[in-house]
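Number of protein chains: 2
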Amino acid sequence: MEVTIVGAGLVGCLLACFLARRGHQVTLYERRPDPRPAGAERGRSINLAISERGIDALRRLGLDGEVLKAAIPMPGRMMHALDGELTFQPYSADRGQAINSIGRAELNRILLAAAALPGVRVRFEHRLTGLDERTGELRFGSGGTARARVVIGADGAYSAVRSRLRALPGVGFSQEYLDYGYKELTIPPRDGAYAMEPGALHIWPRGRAMMIALPNPDRSFTCTLFWPHEDLAALDTPQRVRARFAAQYPDAFQLMPGLVEDYQANPVGHLVTMRCTPWHVTTGEVTVGLIGDAAHAIVPFYGQGANCGFEDCVELDRCLDETGDDFAAALALFERRKTDTDVIARLALENFVEMRDKVGSRLFLAGKRLEHALERALPGRYASRYELVSFSTTPYSEVERRVARQRRWVAAAGLAAALLAAGLARTARRR
Amino acid sequence: MEVTIVGAGLVGCLLACFLARRGHQVTLYERRPDPRPAGAERGRSINLAISERGIDALRRLGLDGEVLKAAIPMPGRMMHALDGELTFQPYSADRGQAINSIGRAELNRILLAAAALPGVRVRFEHRLTGLDERTGELRFGSGGTARARVVIGADGAYSAVRSRLRALPGVGFSQEYLDYGYKELTIPPRDGAYAMEPGALHIWPRGRAMMIALPNPDRSFTCTLFWPHEDLAALDTPQRVRARFAAQYPDAFQLMPGLVEDYQANPVGHLVTMRCTPWHVTTGEVTVGLIGDAAHAIVPFYGQGANCGFEDCVELDRCLDETGDDFAAALALFERRKTDTDVIARLALENFVEMRDKVGSRLFLAGKRLEHALERALPGRYASRYELVSFSTTPYSEVERRVARQRRWVAAAGLAAALLAAGLARTARRR
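Sequence lines, in order, name chains L and C. Residue numbering for the first sequence follows full-length UniProt numbering, starting at 1 and increasing by one per position. Residue numbering for the second sequence follows full-length UniProt numbering, starting at 1 and increasing by one per position.
Calculated directly from the structure, the hints in this document are not laboratory data. Because the structure is a prediction, the values reported are computed rather than measured. The beta carbon of each residue, even a glycine, is placed where N, CA and C say it ideally should be. Worth double-checking, as some hints may not be accurate.
Stated by the list, open to error - Using C-beta positions, here's what the derived DEER-type ranges look like:
(1) Thr-129(L) / Gly-65(C): 51 to 59 angstroms
(2) Ser-142(L) / Ala-247(C): 51 to 59 angstroms
(3) Arg-32(L) / Arg-127(C): 52 to 60 angstroms
(4) Arg-426(L) / Trp-409(C): 41 to 49 angstroms
(5) Asp-83(C) / Thr-129(L): 38 to 46 angstroms
Said to hold, decoys possible - Computed from the model, here is a short list of chain L residues facing chain C with C-beta under 7 angstroms:
(6) Phe-140
(7) Gly-144
(8) Gly-170
(9) Phe-173
(10) Ser-174
(11) Gln-175
(12) Asp-326
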């Protein structure tokens with residue numbers, strides 16, 4: 001079968017690998033030029049944290065080793081308090097699990113190389129400008145056209161394929177922006193070494209704002225501010241930039257010699273959640289579908305955007321198994337995944353509040369320690385939500401059901417313990 | 001001030017009248033040709049039910065008399081049971097209040113004539129194809145261009161002005177379709193007279209589907225089916241159309257000689273709720289805003305789409321009062337109306353369930369009678385939600401607060417009565 005994928009980003013490339021393995025002929029159309037000769041675009045994207053769902057997808061294609069070799073494991077969060085105090089919170093009870101920091105550009109280069117297979121063609125500098133879902137005709141900014149029976153949009157949060165679907169009657173759609181923007185900054189190596197602990201995702205929780213930093217193999221850290229738009233816009237002079245960082249992020253400020261230049265040069269990104277339903281339309285012999293961010297863009301606060309997109313590829317591969325490679329039927333079946341992507345979209349929004357506000361509180365830290373104690377006491381029976389999302393491939397919706405069940409058990413056990421204690425106290429008084 | 005309004009439909013024309021009265025120069029651009037010489041498009045839109053909010057807006061411009069003269073008052077609902085039994089439910093406790101049936105095309109002609117004022121120009125056959133919110137440049141399908149500092153999109157549910165706003169970062173948007181379509185049919189006059197009671201909105205509630213009919217001055221009724229899409233598509237032969245109507249709508253079927261031709265010729269409409277936030281963007285000296293369905297398209301089941309759009313004009317007029325005709329400030333202030341339009345969007349969705357399902361039940365009818373009894377017993381103190389929405393200009397969000405307060409009182413009074421009765425019974429037993 002000939003399949004057209006729009007977008008040769010992370011999900012587009014991985015999907016091409018899965019489809020080529022099934023014996024399909026794949027053409028990838030990508031708006032941008034080939035990133036491999038030109039080098040990375042800087043200041044454009046948050047570092048990624050690849051965890052079990054992403055690794056599982058890569059493992060199925062034998063790509064996990066190469067990707068993990070280019071990544072830095074982060075077994076926990078390092079909180080930076082205003083007074084400089086550092087607190088390390090392991091992500092898992094046994095401290096053995098890690099999420100893995102990797103730059104988007106580097107990961108994309110690895111996946112583009114992996115997709116250089118006999119059945120796969122990549123056409124760079126082909127920006128989709130028109131799509132007819134009835135005839136399967138694609139038009140590109142260059143003036144070229146193509147035709148396909150199966151078109152899969154893996155073209156990200158601002159998907160051009162989805163723009164066409166969205167215009168059809170009956171297609172539901174929503175875009176919700178946070179009032180927050182993000183901006184990338186850098187902590188360079190100090191004397192050739194990492195300036196902070198490299199084995200952690202660093203967080204500066206500051207209530208309504210925060211900064212995070214992820215390690216890079218070149219011993220720098222990529223920092224990302226998540227600030228209200230008005231706060232980002234307010235720092236309009238070098239003095240104001242320095243004053244704010246000196247006051248709010250004093251330890252990081254010492255490590256950022258290029259702060260003012262980075263702040264002024266780097267653009268402000270937007271944080272959006274996009275929802276669309278259905279994800280596919282079949283008209284006669286032509287099927288157009290969506291996958292990854294094009295189907296369900298989420299905010300980055302659970303570190304699951306790319307992991308979820310990679311898991312989409314595994315699920316679509318499974319749907320092709322179940323339908324004998326009938327793409328119209330497989331993309332219809334793939335709609336079942338919306339139950340899971342709706343959950344992670346919500347969790348990602350909720351985790352922003354946790355990261356920027358709660359992780360700094362003693363009560364939250366005590367709760368995390370209790371959770372890890374339960375995990376150690378009941379291995380395989382009790383697992384935290386973070387652990388299930390990041391270190392398992394349990395479907396997101398099943399994670400939510402399991403977390404709800406666990407909470408009921410813990411509440412019931414707590415109640416039983418309280419009643420028992422009250423009974424013992426009464427017995428003791430009677431004696 | 002020169003103001004450009006995109007869309008010369010109901011809300012665009014009414015807004016032009018309000019703005020001209022304030023001394024502004026208004027240009028209206030309308031995609032369609034002038035509807036007055038050509039006659040009405042048929043089969044394209046549901047009849048409207050103008051009620052107090054719409055009448056109040058028209059009254060402020062002295063247009064209420066002319067509009068009501070062209071309309072048929074409907075003081076209640078007439079339910080058609082499957083066995084032919086008819087039940088009339090008045091809309092108000094004193095039966096003195098009515099909603100008013102009028103065709104969209106007829107109302108548009110009246111408002112276009114009203115907008116023929118010295119300060120108002122109307123440009124028909126000008127389809128907006130491009131808008132630059134920074135320069136205020138408008139481009140039209142004909143190739144023409146224009147420039148404006150204030151552009152207000154009154155161009156309906158599929159607004160071209162909103163398309164431009166929606167593409168800006170930070171603008172939230174959603175479109176939600178029901179799985180239902182609508183189709184227009186006709187009950188012609190019988191022997192020159194109305195074939196059914198003209199003083200009612202007729203409803204055939206059928207559980208998951210329904211039909212309604214509104215009277216026209218020419219003694220016909222415009223009927224609208226609201227059916228699941230699959231049911232509409234299933235009637236693909238004249239036999240199936242006749243069989244379904246004979247079985248489900250037997251009394252109406254007798255009155256529809258052109259049923260099969262209407263069913264096959266008339267298109268299926270879609271039912272969508274559109275939300276957008278913010279409704280306006282100001283860039284330098286240019287302000288682009290939205291009003292009416294362009295800002296908040298709702299489903300038709302509360303009969304409030306046009307009424308709400310007309311009330312928008314009153315509110316924007318008030319915002320211009322409060323800001324001394326500073327359009328950027330007035331459109332910013334106008335965002336406060338979203339609290340109200342969000343409420344009516346939700347009520348309209350909820351009322352679909354009431355109309356197609358609950359209005360047929362005895363329990364529902366008993367509840368309505370109780371409600372009207374309370375209204376008569378406590379005039380000015382107790383009013384039903386329907387009465388407040390349709391026969392007052394109480395803001396929609398205040399209606400919801402008042403209904404919630406009333407329910408708490410009634411529940412408390414019911415509880416007090418039950419306790420009193422129990423106490424009396426106990427006292428009686430003791431004697």
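Hints and how they fare:
A beta carbon spacing of about 52 angstroms between Thr-129(L) and Gly-65(C) agrees with the range 51 to 59 angstroms that was offered as a hint. Between Ser-142(L) and Ala-247(C) the beta carbons are some 57 angstroms apart, a value that agrees with the proposed interval 51 to 59 angstroms. For the pair Arg-32(L) and Arg-127(C), the supplied restraint of 52 to 60 angstroms is violated, since their beta-carbon distance comes to about 33 angstroms. In this structure the supplied range 41 to 49 angstroms holds for Arg-426(L) paired with Trp-409(C), their Cβ-Cβ distance being about 44 angstroms.
Between Asp-83(C) and Thr-129(L) the Cβ separation comes to about 58 angstroms, which falls outside the hinted range of 38 to 46 angstroms. For the restraint placing Phe-140(L) at the interface with chain C, the shortest Cβ-Cβ distance is roughly 20 angstroms, beyond the 7 angstroms limit, so the hint is violated. At about 24 angstroms, the closest approach between the beta carbon of Gly-144(L) and any beta carbon in chain C exceeds 7 angstroms, and the interface hint on this residue is violated. Because the smallest distance between the Cβ of Gly-170(L) and any Cβ of chain C comes to about 5 angstroms, under 7 angstroms, the interface hint for this residue holds.
Using the Cβ-Cβ criterion of 7 angstroms, the hint placing Phe-173(L) at the interface with chain C is satisfied: the shortest such distance is roughly 5 angstroms. Of the supplied interface hints, the one on Ser-174(L) holds, with its beta-carbon coming within about 3 angstroms of a beta-carbon of chain C, less than 7 angstroms. Because the smallest distance between the Cβ of Gln-175(L) and any Cβ of chain C comes to about 5 angstroms, under 7 angstroms, the interface hint for this residue holds. Nearest Cβ of chain C to the Cβ of Asp-326(L): about 22 angstroms, over the 7 angstroms cut. The hint is violated.
The structure is inconsistent with the numbered hints 3, 5, 6, 7 and 12, although it conforms to all the rest.
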